[in-house]
Amino acid sequence: MADYLTTLCLIVVLAPLTGSMLAGLFGSALGRAGAHWVTIIGVAIATLASALVFKAQVFDGAAVLNVNLYEWAALGGISFNIGFLVDSLTATMMLVVTFVSWMIHVYTIGYMHDDPGYQRFFSYISLFTFAMLMLIMANNFLQLFFGWEAVGLVSYLLIGFWFKRESAIFANMKAFLVNRVGDFGFLIGIAAILFYTGSLNYTTVFAVVPSLTGTTINVFGNADWSVLSFICIALFIGAMGKSAQVPLHVWLPDSMEGPTPISALIHAATMVTAGIFMVARMSPLFELSEAALTFILVIGATTALFMGLLGVVQHDIKRVIAYSTLSQLGYMTVALGASAYSAAIFHLVTHAFFKALLFLGAGSVIIALHHEQDMRRMGRLSRFMPFTWLTMLAGTLALVGFPGTSGFFSKDAIIEAVHLSELPGAGYAYFCVLAGVFITSLYSFRLLFLVFHGRDNVDSHAKGHLFESPPVVVLPLLILAVPSLLLGLVAIGPLLFGGYFADAIHVAPAHDVLARLGEDYHGVLGFMLHGLMTPPLWLAVAGFIVAWYCYQLRPELPGRIAAASGGLYRLLLNKYGFDDFNQAVFARGARGLGGLLWRIGDVRLIDGLIVNGSANSVRRFSGLIRHAQSGFLYHYAFAMIVGLVLLLALFVQDWPALLAQYGLMQPR
Amino acid sequence: MSIDNLSLLLPEIALLTLACATLMVDIFSNDPKHGPGYWLAQLTLLVTAVLVLVTYTGDSQYAMAGMFVSDAMSGLLKFAICIISLFALFYSREYLLRHDIIKGEYFVLGLFAVLGMLVMVSANNLLTVYLGLELLSLSLYAMVAIHRDSSSASEAAIKYFVLGAIASGMLLYGISILYGVTGSLELGAVAQVLEGQSDYPTLAIFGLVFVLIGVAFKLGAVPFHMWLPDVYQGAPTAVTLFIGSAPKLAAFAMAIRLLVDGLGPLLPDWQQMLMILAVLSMATGNLIAIAQTNIKRMLAYSTIAHIGFLLLGLVAGNAGGYAGAMFYVITYALMSMGGFAMIILLGRKGAEADQLDDFSGLAERSPWLAFLMLILMFSMAGIPPFLGFWAKWFVLREVIQAGFVWIALLAVAFAIVGAFYYLRVVKLMYFDEPREPDEPQCSTPLRTVLSVNGLSLLLLGLSPGLLMSLCMAAFSP
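Sequences listed follow chains A and B, in order. If you're matching positions, the first sequence starts at 1 in the UniProt record's numbering and goes up one per residue. If you're matching positions, the second sequence starts at 1 in the UniProt record's numbering and goes up one per residue.
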């Protein structure tokens with residue numbers, strides 16, 4: 001069984017890599033169709049193999065697979081291995097990642113149809129799939145970090161895919177730099193783990209960490225920190241970068257400069273959830289530090305509410321969804337903070353489907369309108385694009401948590417879990433996630449009304465070419481709509497309350513909010529009925545009504561509200577000033593400092609004084625002493641005599657004795 | 001110790017016999033190109049090299065009543081001298097033919113010079129050292145003057161001769177003092193006597209200074225280097241090439257024989273003297289080389305700087321240091337030979353390519369030659385992975401291990417200064433406009449041999465372990 005699983009896992013990882021290499025290195029030889037076939041087949045094989053792994057793990061109850069494939073390096077008694085850890089958590093993630101990736105590969109054929117970088121694009125997204133799989137299947141921190149950085153790299157490459165656009169280059173630079181900040185924390189966390197446990201292997205580390213409770217370190221000044229809190233917060237800072245939590249979220253909205261399939265695959269469904277996955281994977285670690293959990297809870301709650309608010313004022317269709325992603329990532333983070341890891345992963349999975357669906361739907365609209373992304377120039381598209389409209393509607397319902405859709409179950413579970421949490425800050429978090437529901441509903445339906453209903457603002461030129469998108473675009477939408485709507489119904493029971501993640505996620509009894517929730521859980525129907533009586537549903541309905549009133553009935557109203565609210569509106573439009581602040585302080589500061597060091601350190605000191613200065617003095621000196629070589633024989637002989645005399649003077653110290661030996665002086 | 005064991009001298013005896021034969025053959029052949037003499041000379045060197053290999057045992061064995069020693073170091077150095085001289089004579093002939101100054105005596109003199117070197121390498125007696133040195137020097141004086149019509153060559157020969165005579169005189173004076181102090185001329189015995197006296201007489205140090213000057217002159221260490229630039233520039237390039245290669249190996253052997261074998265007990269004293277000479281040499285050589293526009297003269301100063309580096313190995317004062325110095329001197333001989341060969345190759349009848357400008361735009365005229373020159377220059381500058389890097393690395397490692405960190409730092413600093421003029425040649429070749437557009441003319445053999453010479457620096461540099469272990473073995477007891 002173990003060998004069978006290992007082989008499958010190898011196939012899962014290597015098939016996309018092979019596809020990527022073929023498309024990337026031999027893209028011009030393969031041609032456009034060749035490139036999309038090799039990568040799609042590669043990912044399809046990976047999906048199939050993932051499904052088999054999933055079946056073995058989840059349905060056949062295979063033991064947890066933990067193998068080291070080979071030792072990459074051994075340094076000072078620590079061995080760095082490449083290996084797999086496959087349990088229910090990994091298997092679930094594998095299936096989600098490969099499946100969504102597969103759908104997006106197919107969709108890309110339509111979306112990137114006329115792009116000159118077609119092969120390059122397929123190579124990148126397959127490479128991304130490989131990297132993401134390496135990340136989730138790792139059994140040690142080093143491989144995790146490899147996958148972490150590799151997905152970051154591909155994200156960087158893809159945000160700047162249209163590298164001739166100034167804004168795309170700015171965005172990918174920004175994503176890269178902001179992620180550096182997070183990765184710095186992550187690396188410190190990993191280093192601390194290695195330092196304190198002497199290993200990078202998950203199993204070993206998790207076995208050792210309980211003994212670290214009570215150990216403290218001195219980070220700043222005299223404040224003693226619990227080592228575990230320090231490690232957990234450092235790791236979570238990495239997650240904040242990758243999963244775009246406040247204040248390291250600034251890169252994600254800008255990443256929408258990349259092609260839409262990327263926004264769906266990387267910046268909504270998979271890569272940005274790496275942080276969530278990582279924290280869930282490290283649950284034995286995080287459970288030991290309430291400080292870290294509280295920190296996570298607060299950060300997540302803040303992200304969930306305040307990033308959602310920004311979605312309300314955006315005009316770019318992709319940016320609205322991007323802010324929605326930020327907000328939903330906040331929900332997942334809150335769940336992590338409340339120790340409801342299973343709920344976080346559950347939401348991660350459902351979100352992957354419906355957010356990919358929403359992005360691809362948005363992409364479909366964008367294709368139809370010839371790369372127009374401004375919602376103020378859309379409207380009443382439901383007549384032209386019925387499939388896109390219907391599937392987007394399904395995605396929206398799942399996002400706002402309409403009872404019965406997958407999003408309803410996962411989001412409700414999170415809200416209930418936060419309600420039950422007893423950590424400090426849980427009250428604030430509960431308020432945020434509740435208010436977030438209203439906001440989510442508001443911006444989601446706003447998008448739907450502005451794009452598909454309301455007033456027809458499409459310019460007449462574009463209208464002539466308005467058609468439903470081709471089948472390669474619509475098919476993935478339809479396929480993704482299925483799990484978006486139905487997954488929750490089948491999955492909630494086992495996933496949250498059935499001990500599904502028992503082998504992967506560890507929750508301290510004191511924090512186990514899901515267990516308490518489970519006591520009141522009596523099947524799907526009961527959960528839904530209960531949902532009807534709780535505030536989230538009514539908040540969502542309120543959001544729908546407000547959106548309907550403002551954008552369908554009285555479309556002139558939002559403008560008036562915006563004008564009346566003045567400062568508040570501007571604050572939202574400026575995204576709370578995070579970007580301006582970073583630009584002014586960090587970007588300009590760093591460049592100013594760099595410029596200063598360059599002018600004074602490099603130009604003046606190093607170049608001026610050391611390099612040119614020494615060169616000049618050497619040249620002057622060498623010009624001077626070459627005159628000693630006069631060409632006269634007697635000068636040369638004289639130099640030899642001088643050398644002789646100097647050596648004699650320096651080394652023969654006892655002259656009287658010497659002269660006495662020659663009989664020239666009386667011995668003393 | 002007896003007069004027997006003559007078999008140890010087999011290489012020298014064969015060389016002497018064949019050199020005489022070469023002289024006769026050349027006199028009686030009337031080939032204007034002196035082909036028979038040349039080929040016999042090459043054959044002689046080859047035979048000698050083979051005999052060196054055949055008689056090599058690795059143990060120290062004595063012959064001629066202790067006048068002559070054959071050990072691991074002598075074996076390796078003799079072999080290297082023969083092979084390098086073989087190359088040198090090949091290059092020389094190309095030059096002499098091209099400039100129409102070929103004479104049969106040249107090869108005979110070369111063979112006698114090689115014989116002198118071999119005697120120096122195997123000397124175990126103060127007088128044997130002197131004998132070998134004189135045989136080598138007199139041959140070289142004559143070779144410098146081989147082109148009698150050239151005033152600059154004659155001038156160089158006279159300078160070399162007069163200064164060399166002074167240095168020989170000093171060496172001989174030092175030897176006489178040492179004989180007076182120790183009552184022996186045999187190196188081992190000298191060392192034994194000095195070792196016995198914990199408080200060795202001042203007179204011994206007095207003698208040491210003179211002996212050391214003899215060594216320093218032969219190597220060309222500052223301030224006994226003044227002959228070197230003038231001779232290198234004034235002599236025909238073929239002769240410069242010859243002087244700059246194998247004789248340095250012999251001079252190194254002389255230093256080891258005299259200072260280590262004979263005056264080992266005075267190590268603390270000559271160590272400090274060499275330190276001064278080494279620093280002065282590296283400073284002067286590198287700094288003045290920058291100001292040169294004549295590449296032969298530039299390489300002369302570069303030689304002085306290399307000699308400084310080589311002396312550092314001796315300064316380390318242990319087997320590792322000597323091995324490092326030996327590695328360095330062999331490397332140097334290969335690099336220097338290649339450098340001068342390139343000048344020979346680029347020159348034409350009546351016009352030597354000895355100005356830096358002659359290298360401008362060489363990459364456009366002949367990419368391969370420019371690449372070879374790039375290897376040579378990079379190697380001289382000590383850039384990895386070329387052999388020159390390992391030579392510097394080896395010596396520096398030993399110097400640091402011996403505890404002279406500051407002197408190693410100084411050496412590195414001067415090496416950086418030195419990199420300037422080597423890289424300038426590369427810059428001229430690759431970034432400047434050629435002064436003449438046509439490809440340099442050269443015979444295929446010359447091109448091939450020079451390629452072998454240049455690539456050897458790359459190949460040996462890629463696996464420096466072989467030469468390194470040979471050098472280590474030469475000094476391990």
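Quick caveat, the hints were computed from the structure, so don't treat them as lab data. These numbers were taken from a predicted model, which means no experiment stands behind them. Some hints here could point you the wrong way.
To be verified - Computed cross-link-like contacts, SDA-like style, restricted to lysine to any residue with a CA-CA straight-line distance of at most 25 Å: (1) 427(B) - 617(A); (2) 349(B) - 2(A); (3) 427(B) - 620(A); (4) 427(B) - 441(B); (5) 55(A) - 2(A); (6) 427(B) - 2(A); (7) 427(B) - 614(A); (8) 427(B) - 55(A); (9) 33(B) - 127(B).
Hints the structure fails to honour | 2, 6, 8, 9
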